[in-house]
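> Numbers -13 to 898, taken from our numbering, label the letters of the sequence shown in order.
Please note that the accuracy of each hint is not assured.
[Said to hold, decoys possible] Each computed BS3-like pair below joins lysine-lysine, with the alpha-carbon atoms no more than 25 angstroms apart:
1. Lys162 / Lys608
2. Lys162 / Lys40
3. Lys788 / Lys718
4. Lys528 / Lys139
5. Lys107 / Lys79
6. Lys445 / Lys411
7. Lys411 / Lys446
8. Lys107 / Lys94
9. Lys528 / Lys40
10. Lys591 / Lys704
11. Lys470 / Lys254
12. Lys139 / Lys59
13. Lys107 / Lys59
14. Lys446 / Lys94
15. Lys862 / Lys591
16. Lys40 / Lys139
17. Lys79 / Lys30
18. Lys862 / Lys895
[Stated by the list, open to error] Computed spacing ranges between beta-carbons, pair by pair:
19. Asp358 / His398: 50 to 56 angstroms
20. Lys103 / Thr158: 32 to 38 angstroms
21. Glu774 / Gly227: 35 to 41 angstroms
22. Gly787 / Arg401: 57 to 63 angstroms
23. Arg401 / Glu(-2): 50 to 56 angstroms
24. Gly227 / Gly787: 24 to 30 angstroms
25. Tyr898 / Arg687: 40 to 46 angstroms
26. Arg687 / Leu738: 50 to 56 angstroms
27. Glu588 / Arg325: 46 to 52 angstroms
28. Tyr898 / Leu171: 44 to 50 angstroms
29. Glu612 / Leu171: 28 to 34 angstroms
Think of the hints as simulated: they come from the structure by calculation, not from any bench. Source: prediction; values computed, not measured. Glycine included, each C-beta is placed from N, C-alpha and C at the ideal position.
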Amino acid sequence: MAFIRKKERSKERFSLLLLDLEEYYFEQHTAYQMTSGCSSQNRKLRGSFKICSKSIIFEPDDGFQPVLKIPLKECRRIEATEDRDRNPFTESKPPCISLESRQVNYIKDGNVVAPYKVERKDQDFLFQLEISRKTEDVVQTILQLHRASCLDKLGDQTAMIAAILQSRLARTSFDKNSFQSVSELPRMECEAEMVSPLVTNPGHVCITDKNLYFQPLNGYPDSVVQISLHNVRRIYKRRHGLRPLGLEVFCSETDLCSDIYLKFYYTKDRDELYYYIATFLENHMAEHTAESYMLQWQKGHLSNYQYLLHLNNLADRSVNDLSQYPVFPWLISDYSSARLDLMNPASFRDLSKPVGALNTERLERLLTRYRDMPDPRFMYGSHYSSPGYVLFYLVRVAPEHMLCLQNGRYDHADRMFNSVSETWKNCLEGATDFKELIPEFYGKDPSFLQNELNLNLGKKQGGCIVGDVLLPAWATDAEDFLEKMRSALESQYVSEHLHEWIDLVFGYKQKGSEAIAAHNVFHPLTYEGGIDVDSIEDPDQKIAMLTQILEFGQTPRQLFTTAHPQRITPRLYNISTTTNTSSSELSPLSPSEDSSFEDLTEESKKLAWGNMSKLTLQSSHKIHKEAVTGIAVTRSGASIFSTSQDSTVKMFSRDTQALQRSVSFSNMALSSCLMLPEDQTVVCSSWDNNVYFYSVAFGRRQDTLMGHDDAISQMCWKDDQLYTASWDSTVKVWRCVAADINSNKRSQFELLGEFEHDAGVNTIAVNPAGTLLASGTKDGTLSIWDIENASPLHQPSCHSGKIHQVSFSPDSRHILSMGEDSSLKVTDVQTGMLISTIAAEEEQRCFCWDGNTVLSGGQSGDLRVWDLLSSKVTEKLAAHTGAVTVIWMSEQCSTVITGGEDKQIMIWKPQY
-13 MAFIRKKERS KERFSLLLLD LEEYYFEQHT AYQMTSGCSS QNRKLRGSFK ICSKSIIFEP
47 DDGFQPVLKI PLKECRRIEA TEDRDRNPFT ESKPPCISLE SRQVNYIKDG NVVAPYKVER
107 KDQDFLFQLE ISRKTEDVVQ TILQLHRASC LDKLGDQTAM IAAILQSRLA RTSFDKNSFQ
167 SVSELPRMEC EAEMVSPLVT NPGHVCITDK NLYFQPLNGY PDSVVQISLH NVRRIYKRRH
227 GLRPLGLEVF CSETDLCSDI YLKFYYTKDR DELYYYIATF LENHMAEHTA ESYMLQWQKG
287 HLSNYQYLLH LNNLADRSVN DLSQYPVFPW LISDYSSARL DLMNPASFRD LSKPVGALNT
347 ERLERLLTRY RDMPDPRFMY GSHYSSPGYV LFYLVRVAPE HMLCLQNGRY DHADRMFNSV
407 SETWKNCLEG ATDFKELIPE FYGKDPSFLQ NELNLNLGKK QGGCIVGDVL LPAWATDAED
467 FLEKMRSALE SQYVSEHLHE WIDLVFGYKQ KGSEAIAAHN VFHPLTYEGG IDVDSIEDPD
527 QKIAMLTQIL EFGQTPRQLF TTAHPQRITP RLYNISTTTN TSSSELSPLS PSEDSSFEDL
587 TEESKKLAWG NMSKLTLQSS HKIHKEAVTG IAVTRSGASI FSTSQDSTVK MFSRDTQALQ
647 RSVSFSNMAL SSCLMLPEDQ TVVCSSWDNN VYFYSVAFGR RQDTLMGHDD AISQMCWKDD
707 QLYTASWDST VKVWRCVAAD INSNKRSQFE LLGEFEHDAG VNTIAVNPAG TLLASGTKDG
767 TLSIWDIENA SPLHQPSCHS GKIHQVSFSP DSRHILSMGE DSSLKVTDVQ TGMLISTIAA
827 EEEQRCFCWD GNTVLSGGQS GDLRVWDLLS SKVTEKLAAH TGAVTVIWMS EQCSTVITGG
887 EDKQIMIWKP QY
């Protein structure tokens, strides 16, 4: 499994798992276990004598002899003994360490992993160190640890052991001879503990300009752990023991298990190391957020499995911390059929409910208890993820972890993970069983389902020996079972509903009133911030509280505070949404005579956007006296119309490369322009509160719409409706029939609707189906409107200043906005959730995008190509000498025209 490293699967018998929970391994000495006396002929076993904070462990070199573990609190006598009857004429005998103990644990007898054999009787043990001069010092160390183990209060024991540990760390430092290169420059050094499941190992951390090092105090399992900073791909801050002390480093984008997990003694040390690594990696990797992963998942760039792994990582879940192990959902509800039908919704569990709410009768009993319970109230007395549950699933591959957790014993055979269907049944019907699954159920390693180690896990009441896990009838073997589980995870049904489970575990239904309504309330201590451990003054109470919480399990850190959007795939376009969108907006294109042409069109667009970073300038023309504000182009591309703050609309011929017309409607600036169908009319908006209709055929103003009380900032036209945005804080919708205007008829411009805002509206956009309107205001608010009902669907405060431009993605699922706060933000249309924020080096004024790639114009005049999924600029092109104010792109994305404050228009083409 993920956290069982190769070292732990080797034949080495000692591991930190032989220690008690919260116990430290300090040092080891080569020694001999003696049967009696100190004479050489009584020497029996050579091995490793290990001093731990709560026990002495002796590991014989003979692999078939049991490992001895002697608890220090059970020792009656600890002393150094010498041969007092020594003859002065004979060679002196070295001293021995003599222990008298009431208990000894025999572990791995015959080199077999099995429950510990515990003998409780007075026994004497004698050990002789190979380097005898160390005997007295070793005895004094053991006596000091023995005094700590015998203190009455657990808090006092823990405090004394911690003081001993800190004293050892203070007397040592990182050995710089371990550096990979003599030219390395150390940047920081501190003390920390390397964390693995159920155990920690103290030592020294050192970071240089090239590597991260950890040097265990005890030299186990290696003298030093080294990680090249150039290999680091991801770093995460972690909660450890409910405190912000952890740091996990990954050298892979996909591995479930990290390369090192460190727990620091002080948050400031953790943060300093994190800052240094993050600074080093700034130009080497992108920082991913829950929102950026969500965007990749929605667009199908991440599988459901990958997305859940990323969310678990971001929510402090780690395979190195069994109290916060990654959690995955039960998906399948049918474990009895001979054939699993993944096209049948009845084969799946309801992902909108926690496990505890899946059984209505059980839920009613739990709610009755909940209503009668004094504060703090909770619905479930156990959690869906805990160390015990993790090892319940993994005992066949992690038996030593189970023995460590349960004081050297396995669970009762009837309570083992014996059957998938029985486990699911118990989760549905059990009074205290609400556990979810772990990632291994959706992986490719079936060993956790098979007793390949031939472990003696006991006999059930019926006499059956516990062996392999009993699989459903629809699985031919363990590999087939996992393959079907993976297919279920990536199935249509799960892709449609996974966001509902995310709401429960990582999202807005995790806490508060939404959690109560969803029947998703666990014990308050399981939630982040449920208790301030440092505020508990009594050491015994603090330890007891920590132990209770860590064994009970912890709820993931909350990642989302609003409803999580659904996934987007071509097959999912018919999913119902909470917004009032038409079927034409979301349904796939119907087969038609033009389908092949449409496919070709889409391919050409993809090709163009794939080469957007190769834009080349075709020509530039300074045709205005002030900043360019709008660009409209005829379908043939022969004529370019542009508006400017110089109050003119100009017509430029691409064939003759010459200015053909210049028209002024008033002495006020024009703010935008658009071309109506048939290329016969150009519509221009003005700061004088009016909209002007210019007839291309007749070369004159044809009509004027006086519709606002302040400057008109932008316009859109869709399906014979004109949308005008104004600084008077409104957006108005007018009946504007293109055919009537093109035929030179006078129009009445009937007002169809009005959308009121709290601030001046600076930009608008209409989705491709004409059902939704997005508007951006001067105060940074993004509004999403249902056009038919003239009602706001969402109005998030998106930017900290004026919004320059908004635009829907081609599939209408997302809105991209840019503001004077120098950020690009992607908002989910269905939920109104901000799912991605990208900080730009400078203010971006305008853009075009295809849902994944963005072409933007900045304040300095440069064009930038952005990859939204990686949140990175992939290309930067020098363009205007002043801010880029407008970008126009042809329908086939094969031509780009930009306008700027330098009064120029520039014509660009991507190179293939």
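> Name the hints, by number, that the structure is in violation of.
1, 2, 5, 11, 19, 21, 23, 24, 26, 27 and 29
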